[in-house]
Amino acid sequence: MNEHPAPKRKASDYKSEVKPVWCPGCGDYHVLLSLTRMLAASGTPPEQVAVISGIGCSSRIPAYTNCYGFHGVHGRSLALAAGLKVARPDLTVLVMSGDGDGFSIGGNHFLHACRRNIDITYVVMDNQVYGMTKGQPSPTTDPEWDSALAPGGTGIRPFQPLVIALASGANFVARAFSGQPNETARIIHEAVMHPGFSFVQVMSPCVTFRPEQAAWKDAVHPAPVEATDDPARAARRIMTDDGFNIGVLYRGDRPVFDPHSGAEPVPLSALERSFAL
Amino acid sequence: MTDDRKDAAALAAGIETVPELLAHALRIEEDAEERYLALADQMETHHNAAIARLFRWFAGHEAEHAREIRERMAGMALPEIKPWDFHWGDAESPESVDFTAVRYTMDTRAALGLALEAEARALAFFQRIVEVARDPEMRRWAEEFAAEEAEHVRLVRAEIAKLPPDDGQAVERAEDPDPPNEPL
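Protein chains in written order, with the working numbering: chain Y, 144 to 420; chain U, 4 to 187.
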């Protein structure tokens, strides 16, 4: 994303006429606010931004912006975004997802998007539950979460998205909290500006199915150390923190995937001839 | 040093000139208007028309306050400040109602309670500026803003006083007959 100093834009310039249908109290309202504030601060024209999503409460977000958007197939937002960015490298491509869409149905795409290191920003609104389908445990749900749809809890170790992103090669890793929209906007802005695949886990409470997540507001705190460029050190920190450290945790410098590097483009007719029997 | 004093010191370090103070004052009103409009939309979407009207009424007032500030600062150039570089001493501007504090079943008393908290936070913000301002002109502006916020606090309290006495049944009335945690 390039900074666009003029004309001055407001956050409301990036909102569509469609009213969100999230539950009042949902953390995703704050994420929408962060997103529009970030875009307004950068000055990027709405037509230079594409917001791509999959399925789930969080994935409704493209409809609520007036940027270009694609509400795609469940778990496949990263594949769509990768294709778009390769074809249109001039666009700022933001991928907005949830913990179910991003880490379960789309888990495989997550790994390989990190590896590939295309210059896109992946924001996952993590509420540790499938809210749209009435409260099933998701990959990041605590094993002890006892609910009507998972009596006694799942007993399954939660997915660790930040460490998995690091191990898979993501070039920027951060954690944010939706209840701090200005700080979240700052972190997403930094993620967008950082070259390569940037991953931001936004803790976004679900007040309907996980009302106890209201306590996150008092649990989060700034990460006590500066971001590192050493993935091993970042991984160790993340694996040993309390899960509530907020901030940029890792900034890498891996080369960004460039589909146009290497061989000269081959004309279509030459390709056709190479497949002729 | 108490926590309040630490906040005041942080504010003093970040807001040192009249244009910086006005930029913060204007952003307080703009953020509050934006937030009330969003809350009104949420309540309309979830068929709580009475509270939607109330939030929209507050949004109108915040827009009017923003317009007044713009008029009073006519000709003064304000600094460009990114959202994350304002000095609120908190995660958000003080008069923004917390999105996570609302519920679609909320009643007038609860909505006015949130508005009162927001106005009180704005009052405390300007009072802290008054305490720490070194520039007399900046202190004068902050005193004016604090006086206005104090009046808003008084008005919201008066509206709450007009409500029927709290019968302690608000939580029961807010009960959802189709609670989301019950599987079909």
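Rather than coming from a laboratory, the hints here were simulated on the basis of the structure.
Hints are supplied without guarantee of correctness; some may be wrong.
Stated by the list, open to error - On the chain U side, residues computed to face chain Y include the following (Cβ under 10 Å): (1) Ser96; (2) Phe102; (3) Val105.
Claimed, not checked - Stretch by stretch, here's where chain Y covers chain U in the computed footprint (C-beta under 8 Å, at least three residues): (4) 30 to 44; (5) 60 to 74.
Even glycine gets a Cβ: it sits at the ideal position worked out from N, Cα and C.
Hints, one by one, checked against the model:
1. Ser96: holds (8 Å)
2. Phe102: With a minimum Cβ separation of about 5 Å from chain Y (threshold 10 Å), the hint on phenylalanine 102(U) holds.
3. Val105: holds (5 Å)
4. 30 to 44: With 4 residues close enough to chain Y, the hint holds.
5. 60 to 74: Violated - the region 60 to 74 of chain U has 0 residues with a Cβ nearer than 8 Å to chain Y, which falls short of three.
The structure is inconsistent with hint 5 alone, although it conforms to all the rest.
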